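The sequence shown begins at 1 in my numbering and counts up by one.
Think of the hints as simulated: they come from the structure by calculation, not from any bench.
Just to be clear, a hint being listed does not mean it is correct.
Here are the simulated DSSO-like pairs of lysine-lysine, each with C-alpha atoms no more than 27 Å apart in a straight line [what the hints assert, rightly or not]:
#	residue 1	residue 2
1	82	106
2	140	82
3	55	89
4	140	55
5	106	136
6	55	136
7	89	106
8	140	89
9	82	55
10	89	136
11	106	140
If you anchor each label on the Cβ, the simulated ranges turn out as follows [claimed, not checked]:
#	residue 1	residue 2	range
12	54	127	32 to 42 Å
13	98	14	34 to 44 Å
14	153	16	33 to 43 Å
15	67	1	13 to 23 Å
16	103	141	14 to 24 Å
17	154	23	14 to 24 Å
18	155	81	32 to 42 Å
These figures come from a predicted structure and were not determined experimentally.
Idealized CB from N, CA, C, for every residue including glycine.
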Amino acid sequence: MNYETPDDGSICVYSSYFDQNYETVNSEISDYIYVGDGYSVNQRQSAVFSSDPNKVGTPLCPLWNNIPPRYIYQQFPDILFKIREVAQKICCEIVDHQLTEAIVNKYQKGDSISYHKDYHPGNIDTPVSVVCSFEKFPEKSHLLQFYRTVEDADNPRTTKKQRGPDSSEFEIPLDNFSVAVMV
């Protein structure tokens, strides 16, 4: 499935297959992820990872005033290298881009996944985002909610959801073993 956004390019969703199921991924990643700190609407566990040893121990965004531990890069655990093998092949069908970082979110029942690109005046490279979905119950799915974010004039260290006639929002069902690529 392909979805076009007014100014962000396209989102492609693929059905795929991973050798790892939800239980395997969960058991191999659960020691590395943090429980949310109350700043998020979704009750999720999350962490950031990098395959670049120079990024390990550094913050996702050093300009933030508050950097919770979940946003300090950790080294890729083995399971992420395995998942990246499949995700990288799919990503390269669309764009020549090497996947080196991961944000892992473990969502709870009823949560949805926000999918967007952040706009910053200094961006040089166009961001590429890849989402891999592992469902606890394979017949279930999550909603991938797209919305555009823009800089918050009141707080230049963050972004906010764009509202008004120029905003863009839609939802995509993300089934078990789905891979979504935004370019």
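Going through the hints against the structure:
Between residue 82 and residue 106 the alpha-carbon distance is near 18 Å, which keeps this suggested pair within the 27 Å criterion. In summary, the hint linking residue 140 to residue 82 is supported, as the alpha carbons are separated by about 23 Å, within the 27 Å threshold. A C-alpha spacing of about 24 Å is found between residue 55 and residue 89, which places the hinted pair at or below 27 Å, so the restraint holds. With a C-alpha separation of about 35 Å, the suggested pairing of residue 140 with residue 55 is violated against the 27 Å cut-off.
About 10 Å separates the Cα atoms of residue 106 and residue 136, which keeps this hinted pair within 27 Å; it holds. The suggested pairing of residue 55 with residue 136 is violated, with an alpha-carbon distance near 31 Å, which exceeds 27 Å. Simply put, residue 89 and residue 106 have alpha-carbon atoms about 23 Å apart, close enough for the 27 Å limit, and the pair holds. A threshold of 27 Å between alpha carbons decides the hint, and for residue 140 with residue 89 the separation of about 25 Å falls inside it, so the pair holds.
Only pairs whose Cα atoms come within 27 Å are accepted, and residue 82 paired with residue 55 is accepted, the gap being roughly 20 Å. The straight-line distance between the Cα atoms of residue 89 and residue 136 is roughly 24 Å, inside the 27 Å bound, and the hint therefore holds. The hinted pair formed by residue 106 and residue 140 meets the criterion: a straight-line CA distance of about 15 Å does not exceed 27 Å. Under the hint 32 to 42 Å, the C-beta atoms of residue 54 and residue 127, about 20 Å apart, miss the expected range.
Here the CB-CB span from residue 98 to residue 14 is close to 19 Å, at odds with the stated 34 to 44 Å. At roughly 40 Å, the beta-carbon separation of residue 153 and residue 16 lies within the given 33 to 43 Å, and the hint holds. Evaluation of the 13 to 23 Å hint for residue 67 and residue 1 yields a failure: the beta carbon distance comes to about 36 Å. As the Cβ distance of residue 103 to residue 141 is approximately 20 Å, the hint placing it in 14 to 24 Å holds.
Distance hint for residue 154 and residue 23: a CB-CB separation of about 44 Å, inconsistent with the stated range 14 to 24 Å. In this structure the supplied range 32 to 42 Å holds for residue 155 paired with residue 81, their Cβ-Cβ distance being about 36 Å.
In this structure, the hints that do not hold are numbers 4, 6, 12, 13, 15, 17, in rising order.
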